[in-house]
Amino acid sequence: MAIATPAGAAGSSSPFVNPQKGLPDNVFLTTLNAASSWARKNSLWPMPFATACCGIELMATASSRHDLARFGAEVMRFSPRQCDLMIVAGRVAMKMMPVLQRIWLQMPEPKWCISMGACACTGGVFDTYAVVQGVDRFIPVDLYVPGCPPRPEQLIAGIMQIQELVQRTGTMQGTEFQYRNRPTGPAPFDADEIIRIREGQLQLTPLELPVSLKQAQTPTLTQATP
Amino acid sequence: MPVVASSLNPAASRAHTGGHGSHPREPVDSEYLWTLNFGPQHPATHTTLRLVLTLDGERIVKAEPDIGYLHSGFEKLGEDLDFNQYVTIVDRMNYISPLANEIAWHHTVEKLLDIKITPRCTYLRTILAELMRLHDHLLCIGAVALDLGAFTAFLYFFQQRELIYDIVEYASGQRFHTSYTRVGGVMFDVNTAWADKVRNFSKGFPKIHSEVDRLLTRNRIFVDRVKGVGVLSREDAINMGCSGPIARASGVVRDLRKDEPYLAYADLDFKVAASKGGDCYARYLVRMQEMLESIKIIDQAIENIPDGPVNVDLEGKSVLPAKPAVYRSIEGLIHHFEMVMPNRGFKVPVEEIYASTESPNGELGFYIVADGEPRAYRARCRPPSFIHFATFQHIMPGYMLSDVPAVLGSLNIIAAELDR
Amino acid sequence: MDFAALNEHLGGVLKSEAFRDNNRVIVPANRLEELMSHLKHVGGFDFLSDVTCVDYLEYPGATDRFGVVYVLVNTATRERLIVKTFVNDPAPKLPSMYSLWKTADWTEREVYDLFGIHFTGHPNLQRILCPPEFESHALRKDYPLKGRGERHNFPVITRAES
Ligand code: SF4
Numbered sequence: 001m002a003i004a005t006p007a008g009a010a011g012s013s014s015p016f017v018n019p020q021k022g023l024p025d026n027v028f029l030t031t032l033n034a035a036s037s038w039a040r041k042n043s044l045w046p047m048p049f050a051t052a053c054c055g056i057e058l059m060a061t062a063s064s065r066h067d068l069a070r071f072g073a074e075v076m077r078f079s080p081r082q083c084d085l086m087i088v089a090g091r092v093a094m095k096m097m098p099v100l101q102r103i104w105l106q107m108p109e110p111k112w113c114i115s116m117g118a119c120a121c122t123g124g125v126f127d128t129y130a131v132v133q134g135v136d137r138f139i140p141v142d143l144y145v146p147g148c149p150p151r152p153e154q155l156i157a158g159i160m161q162i163q164e165l166v167q168r169t170g171t172m173q174g175t176e177f178q179y180r181n182r183p184t185g186p187a188p189f190d191a192d193e194i195i196r197i198r199e200g201q202l203q204l205t206p207l208e209l210p211v212s213l214k215q216a217q218t219p220t221l222t223q224a225t226p
Numbered sequence: 227m228p229v230v231a232s233s234l235n236p237a238a239s240r241a242h243t244g245g246h247g248s249h250p251r252e253p254v255d256s257e258y259l260w261t262l263n264f265g266p267q268h269p270a271t272h273t274t275l276r277l278v279l280t281l282d283g284e285r286i287v288k289a290e291p292d293i294g295y296l297h298s299g300f301e302k303l304g305e306d307l308d309f310n311q312y313v314t315i316v317d318r319m320n321y322i323s324p325l326a327n328e329i330a331w332h333h334t335v336e337k338l339l340d341i342k343i344t345p346r347c348t349y350l351r352t353i354l355a356e357l358m359r360l361h362d363h364l365l366c367i368g369a370v371a372l373d374l375g376a377f378t379a380f381l382y383f384f385q386q387r388e389l390i391y392d393i394v395e396y397a398s399g400q401r402f403h404t405s406y407t408r409v410g411g412v413m414f415d416v417n418t419a420w421a422d423k424v425r426n427f428s429k430g431f432p433k434i435h436s437e438v439d440r441l442l443t444r445n446r447i448f449v450d451r452v453k454g455v456g457v458l459s460r461e462d463a464i465n466m467g468c469s470g471p472i473a474r475a476s477g478v479v480r481d482l483r484k485d486e487p488y489l490a491y492a493d494l495d496f497k498v499a500a501s502k503g504g505d506c507y508a509r510y511l512v513r514m515q516e517m518l519e520s521i522k523i524i525d526q527a528i529e530n531i532p533d534g535p536v537n538v539d540l541e542g543k544s545v546l547p548a549k550p551a552v553y554r555s556i557e558g559l560i561h562h563f564e565m566v567m568p569n570r571g572f573k574v575p576v577e578e579i580y581a582s583t584e585s586p587n588g589e590l591g592f593y594i595v596a597d598g599e600p601r602a603y604r605a606r607c608r609p610p611s612f613i614h615f616a617t618f619q620h621i622m623p624g625y626m627l628s629d630v631p632a633v634l635g636s637l638n639i640i641a642a643e644l645d646r
Numbered sequence: 647m648d649f650a651a652l653n654e655h656l657g658g659v660l661k662s663e664a665f666r667d668n669n670r671v672i673v674p675a676n677r678l679e680e681l682m683s684h685l686k687h688v689g690g691f692d693f694l695s696d697v698t699c700v701d702y703l704e705y706p707g708a709t710d711r712f713g714v715v716y717v718l719v720n721t722a723t724r725e726r727l728i729v730k731t732f733v734n735d736p737a738p739k740l741p742s743m744y745s746l747w748k749t750a751d752w753t754e755r756e757v758y759d760l761f762g763i764h765f766t767g768h769p770n771l772q773r774i775l776c777p778p779e780f781e782s783h784a785l786r787k788d789y790p791l792k793g794r795g796e797r798h799n800f801p802v803i804t805r806a807e808s
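Chain order of the listed sequences is A, B and C.
When we follow this note's numbering, the leftmost residue of the first sequence carries the number 1, and every step to the right adds one.
When we follow this note's numbering, the leftmost residue of the second sequence carries the number 227, and every step to the right adds one.
When we follow this note's numbering, the leftmost residue of the third sequence carries the number 647, and every step to the right adds one.
Careful, some of the hints might be misleading.
Partial selection, computed: residues in chain A whose CB lies under 8 Å from chain B [said to hold, decoys possible]:
#1 49
#2 50
#3 52
#4 57
#5 60
#6 63
#7 64
#8 65
#9 93
#10 95
#11 96
#12 99
#13 126
#14 128
#15 129
#16 131
Distance condition first, Cα-Cα at most 27 Å in a straight line; then the derived BS3-like pairs of lysine-lysine [said to hold, decoys possible]:
#17 C:748 <-> B:288
#18 C:787 <-> B:573
#19 B:433 <-> B:453
Some residues of chain C that are not near chain B, with every Cβ distance over 10 Å (derived) [claimed, not checked]:
#20 650
#21 656
#22 657
#23 662
#24 678
#25 710
#26 734
#27 739
#28 741
#29 762
#30 779
These are calculated hints, taken from the structure and not from any lab test.
All values reported here derive from a predicted model rather than from experimental measurement.
Ideal Cβ placement from N, Cα and C applies to all residues, glycine included.
Build the full structure now, drawing on both the sequences and the hints.
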């Protein structure tokens with residue numbers, strides 16, 4: 001599991017400093033940022049963007065045996081406006097991508113995103129015309145959970161890493177995202193892919209760059225912004 | 227204004243209090259109607275379906291499903307991968323009972339290649355198929371109950387699902403997408419410890435089943451939400467191509483396990499559950515009863531599972547050799563290589579075939595066109611969810627908005643199978 | 647179903663094939679409607695299991711481009727019958743079976759979406775699986791597996807923008 005962390009983010013594992021002399025034992029001093037991140041990390045509200053098989057494993061994680069509630073992240077809310085952790089579980093097809101982007105834009109800051117399963121991370125076994133080859137090409141992703149599907153334990157480990165990330169980067173001053181203003185994933189399509197697509201077409205139809213590709217070279221935000 | 231009057235008239239607006247049967251659509255003044263977009267990201271749709279509902283107050287005038295939000299090119303991939311490789315993809319089709327798809331796929335491929343699987347494999351696959359039926363019905367009923375407000379049943383049933391995951395994982399190494407079957411056999415044989423696991427499970431299951439039965443079957447709140455809702459008549463069920471539990475709940479007694487016996491079903495004793503109600507409650511009852519029948523089948527099959535090889539003989543060279551043989555002997559290595567290289571391996575006829583099995587959801591068929599290559603020229607899947615969801619637009623008019631989750635849940639729509 | 651009687655009824659235009667336990671009847675496209683309604687009303691095939699299509703572009707020895715396949719079941723006798731017909735480019739066209747079996751509604755829409763075969767008389771012939779702005783027909787053999795770049799045609803959202 002790899003976390004896309006900003007370089008040089010200050011790390012502090014415990015939010016609490018030693019109590020000063022003279023204060024009663026049950027008073028702790030800490031920074032506001034650390035305390036709020038601590039509270040936030042233990043009450044994550046996931047938005048389960050469950051499209052396919054990984055969604056069933058997500059259900060398994062939340063139900064009897066694995067019990068996600070132990071980590072304070074069991075309040076699955078299907079309304080994006082109440083959530084701060086998006087879990088993209090399953091492949092995202094061509095028709096679904098605009099929906100995903102729209103939901104991501106509707107979530108309030110601060111927010112994080114887990115891409116769960118091989119399909120959401122890279123397209124997985126579905127290297128076909130209809131499946132987006134990794135959601136990180138089009139929305140920011142903080143953490144990748146590999147597997148097809150990942151075991152519930154693995155997802156729980158991922159959520160714990162997100163908790164660490166929340167604690168480490170802090171959320172009060174909004175500094176946590178300033179390093180990440182560039183797309184984190186690979187470019188929407190690489191040069192090889194264009195060559196591959198063209199060659200695939202060469203044998204079949206006369207070579208001409210499809211209209212869709214021409215448009216893709218100048219991405220605009222007009223469609224996605226609500 | 228006839229519209230307002232009719233929507234305020236309780237007998238007309240709540241169709242299911244006014245008896246079963248058809249719901250004539252009155253001509254309604256379209257100015258009063260409003261449109262509700264339901265999904266594609268909505269808790270009651272479970273996965274990715276979208277409904278465009280036209281409502282008159284809370285009564286549904288028109289329901290238009292919009293699908294394709296999970297279309298991922300399964301059938302195109304089937305033209306690219308060979309018969310053994312494609313099993314990893316069909317797995318992901320109905321992802322709440324993956325092994326049932328694998329069995330259906332290899333059932334068709336073996337018919338095409340005219341391979342007869344060994345008796346042990348027949349019984350093993352029968353047990354797995356029935357475990358998958360339980361797997362599917364457990365989630366389906368659990369999810370319907372969850373949508374209608376009964377959380378406990380979901381948790382009880384999910385615990386049983388975890389036990390099935392354990393059994394499957396013990397046999398294949400993966401708890402979810404097992405990719406366990408192969409052309410002419412399965413990946414590994416099972417041992418006695420596995421059989422004990424299955425026995426333990428089938429011993430414990432009826433207790434949980436009866437507990438949930440007591441929780442739901444006569445629960446006033448649950449029954450009120452599902453009884454008389456989503457009625458599908460027998461003629462409609464046939465005309466719209468319904469199969470499996472949904473058809474049987476409407477009185478179409480058609481079960482491929484009995485009609486066209488495959489695997490070991492001809493030797494086993496079981497009954498087909500059916501009902502005449504045609505509503506969500508009947509579907510629930512049929513599923514509950516089918517689970518008990520499945521347990522009966524598993525009990526018989528696990529006691530009678532014959533010894534012997536689980537794969538067809540290796541001289542026929544249709545199955546991949548066992549891994550130890552590949553690593554330790556030159557013949558095994560050559561055999562493996564020959565199977566894996568394109569254009570070697572099976573003798574594939576230039577023909578087409580349709581074969582189907584009774585999957586938990588209904589008739590799951592594959593239409594394979596072969597052109598002599600070791601991969602399918604066209605691998606069409608007849609997905610039960612797709613056919614069943616098409617009935618939704620005919621069932622729904624006349625019911626209330628709050629009946630949508632009950633009907634959706636009882637049709638058991640699996641998005642990946644729906645869209646492929 | 648007795649093939650000889652059926653063939654006689656249709657004036658001898660049918661061909662029959664059998665493979666393993668599958669029985670197939672091959673009918674020219676212009677007689678399809680007649681055959682199907684005969685099968686439903688006289689033959690008792692009240693259950694249309696599936697409608698699908700095969701693109702025979704690269705098939706060895708094929709003479710026609712598209713083969714459309716109907717899988718029929720008689721729910722009383724459990725008999726299965728597969729009806730096949732062929733259509734060709736340009737503008738492949740067939741009569742819709744919606745009036746006989748409602749199963750044909752979505753299955754024909756799917757064939758239209760993925761193969762581009764028009765079904766005349768269908769009440770709502772639109773794309774069903776691919777997005778409406780999709781231009782090709784995905785399961786035709788001349789469409790590449792990895793698409794023509796449609797899957798990459800989305801705007802990119804970065805942290806700063808969201
Ligand atoms: S990663 Fe595997 S389990 Fe998850 S959605 Fe993709 S195919 Fe399904």
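Quiz item: Under the criterion of a CB-CB separation shorter than 8 Å, is residue 128 of chain A in contact with chain B as hinted?
Solution: At 3 Å from the nearest chain B Cβ, residue 128 of chain A passes the 8 Å test, so the hint holds.
Quiz item: Holds or violated: is the Cβ of residue 739 of chain C farther than 10 Å from all Cβ atoms of chain B?
Solution: Per Cβ check, residue 739 of chain C is outside 10 Å of chain B; nearest 21 Å; holds.
Quiz prompt | residue 662 of chain C and chain B, when compared Cβ to Cβ, separated by more than 10 Å | solution = Since the minimum Cβ distance to chain B is about 14 Å, residue 662 of chain C lies beyond 10 Å and the statement holds.
Quiz prompt | Hinted contact residue 50 of chain A with chain B - closest CB pair below 8 Å | solution = holds (7 Å)
Quiz item: Would the least Cβ to Cβ distance between residue 656 of chain C and chain B come out above 10 Å?
Solution: holds (22 Å)
Quiz prompt | Minimum Cβ-Cβ distance from residue 741 of chain C to chain B exceeds 10 Å | solution = The claim stands: residue 741 of chain C keeps its Cβ more than 10 Å from every Cβ of chain B (closest is about 18 Å).
Practice problem: Take a quick look at whether residue 748 of chain C and residue 288 of chain B sit within 27 Å of each other, Cα to Cα. | Solution: holds (17 Å)
Quiz item: Hey, does the residue 65 of chain A contact hint survive, CB to chain B under 8 Å?
Solution: Constraint on residue 65 of chain A satisfied, holds at 5 Å.
Quiz item: Is the hint on residue 95 of chain A kept, meaning its closest Cβ partner in chain B is under 8 Å away?
Solution: Since the shortest Cβ distance to chain B is 5 Å, the answer is holds.
Exercise. Closer than 8 Å between Cβ atoms is the bar; does residue 93 of chain A clear it against chain B? Give me holds or violated.
Key: With Cβ-Cβ at 5 Å, under 8 Å, it holds.
Quiz item: Is the nearest CB of chain B more than 10 Å from the CB of residue 710 of chain C?
Solution: holds (13 Å)
Quiz prompt | Given as non-interface: residue 734 of chain C, partner chain B, CB spacing beyond 10 Å | solution = Consistent with the label, residue 734 of chain C stays out of reach of chain B, its closest Cβ about 17 Å off (over 10 Å).
Violated hints for the displayed structure: none, as all numbered hints are satisfied.
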